[in-house]
Amino acid sequence: MSMNKILIRGARVLGGEAQDVLIEGETIAATGTGLTDPDATVVPAEGQILLPGLVDLHTHLREPGREDSETVLTGTRAAASGGFTSVFAMANTFPVADTAGVVEQVYRLGQESGYCDVQPIGAVTVGLEGTQLAELGAMHESAAGVTVFSDDGKCVHDAVIMRRALEYVKAFGGVVAQHAQEPRLTEGAQMNEGTVSAELGLGGWPAVAEESIVARDVLLAEHVGSRVHICHLSTAGSVEIVRWAKSRGIDVTAEVTPHHLLLTDELVRSYDPVYKVNPPLRTERDVRALREALADGTIDIVATDHAPHPHEDKDCEWAAAAMGMVGLETALSVVQRTMVETGLLDWAGVADRMSFAPARIGRATGHGRPVSAGEPANLTLVDPAYRGTVDPAGFASRSRNTPYRGRELPGRVTHTFLRGRATLMDGKLA
Amino acid sequence: MMRHLISAADLTRDEAVLILDTAEEMARVADRPIKKLPTLRGRTVVNLFFEDSTRTRISFEAAEKRLSADVINFSAKGSSVSKGESLKDTAQTLEAMGVDAVVIRHGASGAPYRLATSGWIDAAVINAGDGTHQHPTQALLDAFTMRRRLVGRDTGLGRDLAGKRITIVGDVLHSRVARSNVDLLHTLGAEVTLVAPPTLVPVGVTSWPCEVSYDLDAVLPKSDAVMMLRVQRERMNAAFFPTEREYSRRYGLDGDRLARMPEHAVVMHPGPMVRGMEITAEVADSPRCTVIEQVANGVSIRMAVLYLLLGGNEPATTHARTEESK
Chain A
365 MSMNKILIRG ARVLGGEAQD VLIEGETIAA TGTGLTDPDA TVVPAEGQIL
415 LPGLVDLHTH LREPGREDSE TVLTGTRAAA SGGFTSVFAM ANTFPVADTA
465 GVVEQVYRLG QESGYCDVQP IGAVTVGLEG TQLAELGAMH ESAAGVTVFS
515 DDGKCVHDAV IMRRALEYVK AFGGVVAQHA QEPRLTEGAQ MNEGTVSAEL
565 GLGGWPAVAE ESIVARDVLL AEHVGSRVHI CHLSTAGSVE IVRWAKSRGI
615 DVTAEVTPHH LLLTDELVRS YDPVYKVNPP LRTERDVRAL REALADGTID
665 IVATDHAPHP HEDKDCEWAA AAMGMVGLET ALSVVQRTMV ETGLLDWAGV
715 ADRMSFAPAR IGRATGHGRP VSAGEPANLT LVDPAYRGTV DPAGFASRSR
765 NTPYRGRELP GRVTHTFLRG RATLMDGKLA
Chain B
3 MMRHLISAAD LTRDEAVLIL DTAEEMARVA DRPIKKLPTL RGRTVVNLFF
53 EDSTRTRISF EAAEKRLSAD VINFSAKGSS VSKGESLKDT AQTLEAMGVD
103 AVVIRHGASG APYRLATSGW IDAAVINAGD GTHQHPTQAL LDAFTMRRRL
153 VGRDTGLGRD LAGKRITIVG DVLHSRVARS NVDLLHTLGA EVTLVAPPTL
203 VPVGVTSWPC EVSYDLDAVL PKSDAVMMLR VQRERMNAAF FPTEREYSRR
253 YGLDGDRLAR MPEHAVVMHP GPMVRGMEIT AEVADSPRCT VIEQVANGVS
303 IRMAVLYLLL GGNEPATTHA RTEESK
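Sequence order for the protein chains is A and B. Heads up, the final residue of the first sequence is numbered 794 in this note's numbering, and it's a clean run with no missing numbers. Heads up, the final residue of the second sequence is numbered 328 in this note's numbering, and it's a clean run with no missing numbers.
In isolation and in its complexed conformation, chain B is listed as follows (with noise of 0.2 Å):
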């Protein structure tokens, strides 16, 4: 297993199954009265978020302590980063006070690359959302939540989505969303269709191992899952799209489209969701609606991630079965 987790694009196909067969093994955790494992105890987890973001942090946060590690939160916000002290410095003072690993969160493109490949720390780096770069590990909840719903939670384990046609649809151009699962459903053989204004597409598409389209109507009846991704308001501003009542007739998800979809087929959304822009309350709510479901996955996602790429030679999941089979 890595060292690091900072891209999607870095796992192959069976690294990427076994962290979402591990989540799963994770997940059962959760089902327990006591939703704790000793795996990381004793070792120091920081997260280190220099945007905001509640739910990431949280999930995180949740992940570590069910495995047993001791959390450390820094917020840049309020701390020595306001006052003008660099990445470095920052990364190289949480170290020398023993952490193992560094959940980081970035505004700036590259930042957790740098700070695992820089020689600046030794501690295991997890991207937790860089600039408009990658998000790994929500990657990796997508699949899972794609895994479960369409082979089966049970009958998934040790598979990919081999065949899945999946539709990520909005601002592909700023998202580290779109990025990370592009890169990771096309390892896991799945079909993947970017939809949005040519606007939101960037100019270096062409480059990457998916189709695009304009037309949302034509890819749905074709899609098993469909993934709507935020788009801020603000972006009209730039120009990006007219009006947010015009983006939202052209590649909203209302209750119509939502028919047009197979019926096995599931709409999911990143979060924060913008009710009213991409997406329909109707829709949002909706039983065919992941967003919940994410969530949960989310923290199975980050405990399998950590115990493989801190505890993976402890045996925590063979103890987790042990229990479990008592």
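If we strip away everything but chain A, and leave its shape as in the complex, we get (with noise of 0.2 Å):
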């Protein structure tokens, strides 16, 4: 049996200088310079990046429950296009991913799937009430391998449950990744609380209602010693307290989303829920703080928070429409155009926020590792040049409620590849 094999020539390499990378089988053979192999499959690059296959750890793959806004097999190619070849699927499913049955199901159709390794994420409690345990010790012990616990679109707001969860987690080196948001402060919250929700009569979702649970979170993961992860960080002020808890050695890492790194809330004026996620777009400032952390590393990485919806939950007035937008398929094109075309990363920052740290915190075996040889052939190329207009007919998710539709974004990802073979090809799925 021939091996498979693909020769990329003359990308640069985490936007370095070009090199030919060598692929064989599921692994990287060979980087350098001309290198030649006459049974290899050549896939010129001149002008375009290589990075390591893109991480999510912040993905809701709709599978069980609704699966008229996506299924584990249109996230997964809906992530291919991207650029990704691991995601993390959230546990907000129906059923909820709070039992080992769930996450192995979650698991077993990412496997078939094909298009991307896909981690399930298990609920930290019970049905995501806040009020019991979930068996994290099962769902890391299953077929599953959970590492990462999460309520995610909800806050595990009980600080007791929140500290036992922190504790109990050690045992097997998970980690708790909180939806921080005071559930008295927000509700009814319809949009960021401030001068456009005062003008839009649109209840307010005030930053101190994430910010005072970052702010306990992070105390709590100091006394327990525990690490904890930050889910989608929105506002300023969660990002003095990361800052100041990372600068006592606090054990604590956050991701951003690219919404949230390029849109504000002055676009809800619109009443468009397509504009509606939560935590809500916020300001120009917030954007602004948000960046120069992703940027120093005080948030440690983009998470997409990929959230599909049908049309008929955003087809409708805003206080009715759900809350959520897709962003696999266009995550990498809005952080080129918010951090590097603003000179605030280079690709090797992008390599480390997308793929190398999101891998590190959910601890994604065989991805975000270095192109080098001997590492398994997960790699995402881009082409950097490309301009084009976001037309989410073109997407491959099952959801088309994106933001950025008739939006000019910068870059595309031509190829992906998953141990070696690609998902994407040219900028088609296989």
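Calculated directly from the structure, the hints in this document are not laboratory data. Given the structure is predicted, the values throughout are model-derived calculations rather than measurements. Every residue gets a Cβ at the ideal spot worked out from N, C-alpha and C, and that includes glycine. Treat the hints with caution; some may be incorrect.
[Unchecked claim] Computed footprint of chain B on chain A, listed as stretches where at least three residues anywhere in the stretch have a Cβ under 8 Å from a Cβ of chain B:
1) 550-559
2) 678-690
[Unchecked claim] Anything over 12 Å on all C-beta distances counts as not near chain B; from chain A, calculated:
3) Pro402
4) Thr435
5) Glu468
6) Glu476
7) Ala659
8) Asp710
9) Trp711
10) Thr729
11) Arg783
12) Gly791
[As the list claims (entries may be wrong)] For lysine to aspartate or glutamate, the following EDC-like pairs were computed, each having C-alpha atoms within a straight-line distance of at most 16 Å:
13) A:Lys369 to A:Asp401
14) B:Lys90 to A:Asp679
15) B:Lys90 to A:Glu676
16) A:Lys369 to A:Asp403
17) B:Lys90 to A:Asp636
18) B:Lys224 to B:Glu193
19) A:Lys534 to A:Glu505
20) A:Lys610 to A:Asp660
21) B:Lys90 to B:Asp124
Assembling the complex is the task here: the two chains are given apart, and the hints tell you how they should meet.
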């Protein structure tokens, strides 16, 4: 049986000098200049950037339960289109991923899809209700090998439950990823609380509702000596708290979504629910702080919070609409626009924030590895010179709820390789 | 003239004055033995009310009927909406029946804006109150009432409210009436002061074109009109204020406070009033309180808005004038 061989020619590895990369089977066989192999399929990649396969620590694949918005198959196809080789699937499915059975189902569906590795996230509490710990150990011991636990969509708001969860997962190196939202301060919340909400008459989601939980949780993590991960940081105040916590040596990591790096609550003036998301779009000042924090490492990673919803859940009045945006297929372009083209991050930095660091936080074996001989061939090839207008009709995701429809964004993922096999080839799904 | 009326903030000074002037024309119709104009004959207007509101619905209905429109009343209660039909489907169903204008009251802020801008329907959309966002015809009828009282019925024609000091008291946070009034009164040149406990003022109020005070007694002597907003008793359960009595003592309008207002100053209320809470019966029933006038003026304003949005090319006012000159 002849081994799959691919020769990527002339790509700038992590944005550096042009190199050739030879893939044999599932592994990177060699890197260097002037590589040749008569049996290899050649991928001409002059001017393109080669990155380690992207890793998304925060994806909603919706299966089981909401297959009308996304399935593991459609979601992983969207992931491959966006350059991802590993995604972490959030637990707020129906039923909730709070047992070994459900996480194993999601894991198996991911393996069957073949487009992207799917690492299920387990719920922290039974039914995301915030009152009783789910069987975290059983989920970890299961075939899915869960290491990240989150009630995302809901905050683990009870301080004692949060403390116990942080402590409990230490036994197997797990991490709790907190959706920081003080529930009482956000009753009826519809958008960021500020001048725009005052004008539009929409219920406010104050920054302090996020910041108070972030502050509490970094202190809890310090007290019990655990690590904690903060989902979708959205405010300048949260950035300050995380920066302070890190300076104290607290084991905290944090993520930011692409949309919080680009969009502000001014867009809500359209009352178009495509801009409705949790946490809400914030202000220009917050956007600036988030970009700077991602650049200086206070925020460790970009995570998409890809949240598919069917058309009818967005084609309605604001208050009735679902919260969330799809993001897998536009994430890298938004990061290029907001971080690379602004000079805040180079491509090596992008590789860190979107592959190395998320793989490290989530313990994603085989992902987020250096682009060098002997490593698994999980790779993403990006054409940074590409300019295009976002057309959701072309999305692989089953849902179209993107805030970027009609917007010009730079860059395009041309190839994605999952263990040496092209899941995306010349911009087309395999 | 614009195609829809969604927000008081969308009106220019001249558009607003045109509506007020047109409303004065319409008010004359009410003085005639037959209170009817043929302007909207053959046009169909639907009153699409997703929230209970007897007085606003009746006011629009009276205005529509005086302009000879065919009127359909649609109340969301007991309709397919309660069975889960979306706003989009409801609106498209109504439009398929040949509706020219939709007067919409909805509990969700922005619902009329969505209706007007999403390409769901072609009909003109008039906002009859959306969530805690806007209630533009209320602001217009309030401005109309102020102009009559503070400038004069005839001398007011063509004029705005420049320099008038208007105080709005009460639950600003949850009030679409307050938002609409701040926008429109500012456009018309008035100086607006909001008075409320700090809990009932939105966090982002600093960007509004008005002053904010927590001290009603300090503001009253400098007010040409004082508009009292309804305060729901249930608000105290969410800790917006401690008790009904404390609210009433600090922010309610009673006879003593009325006496501190300038002699010419009027008391206004969009209704329904909670007597004993934000306003005492003594003040509510005093001749300086314009509540009943506001209701009558509401019909004139809504006639003017419908006329300008739907029948602007018809010679309705000319027709009315001709009849009067006979």
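Hint-by-hint comparison with the structure:
Using a Cβ-Cβ cut-off of 8 Å, 4 residues of the region 550-559 of chain A lie near chain B, which meets the minimum of three, so the contact claim holds. With 6 residues carrying a beta carbon less than 8 Å from a beta carbon of chain B, the region 678-690 of chain A meets the three-residue requirement, and the given coverage holds. A cut-off of 12 Å between C-beta atoms confirms that A:Pro402 is not in contact with chain B; the least separation is 57 Å. With a least beta-carbon separation of about 24 Å from chain B, A:Thr435 lies farther than 12 Å from that chain, consistent with its non-interface assignment.
Every beta carbon of chain B lies more than 12 Å from that of A:Glu468, the smallest distance being close to 35 Å; the non-interface claim holds. The beta carbon of A:Glu476 sits about 35 Å from the closest Cβ of chain B, which is more than 12 Å, so the claim that it is off the interface holds. No beta-carbon of chain B comes within 12 Å of the beta-carbon of A:Ala659; the shortest separation is about 29 Å. The beta carbon of A:Asp710 is kept farther than 12 Å from every beta carbon of chain B, the shortest such distance being approximately 38 Å.
Against chain B, the non-interface label of A:Trp711 holds: every CB pair exceeds 12 Å, the least being about 39 Å. The claim that A:Thr729 is not at the interface with chain B holds, since no C-beta of that chain comes within 12 Å of its own (minimum 45 Å). Every CB of chain B lies more than 12 Å from the CB of A:Arg783, the least distance being 45 Å, so the non-interface label holds. Even its closest Cβ contact with chain B, about 31 Å, leaves A:Gly791 beyond 12 Å, as expected for a residue assigned away from the interface.
Of the pairs offered as hints, the one joining A:Lys369 and A:Asp401 holds, with about 8 Å between alpha carbons and a cut-off of 16 Å not exceeded. For the hint pairing B:Lys90 with A:Asp679, the CA-to-CA distance comes to about 8 Å; that is within 16 Å, so the pair holds. Restraint check for B:Lys90 and A:Glu676: the C-alpha separation of about 10 Å stays at or below 16 Å, so the hint holds. The straight-line distance between the Cα atoms of A:Lys369 and A:Asp403 is roughly 7 Å, inside the 16 Å bound, and the hint therefore holds.
With a C-alpha separation of about 13 Å, the suggested pairing of B:Lys90 with A:Asp636 holds against the 16 Å cut-off. Between B:Lys224 and B:Glu193 the CA atoms are separated by roughly 11 Å; this keeps the pair inside 16 Å, and the hint holds. Simply put, A:Lys534 and A:Glu505 have alpha-carbon atoms about 14 Å apart, close enough for the 16 Å limit, and the pair holds. At roughly 12 Å between alpha-carbon atoms, A:Lys610 and A:Asp660 fall within 16 Å of each other, so this suggested pair holds.
At most 16 Å may separate the alpha-carbon atoms for a hinted pair to count; B:Lys90 and B:Asp124 meet this at roughly 12 Å.
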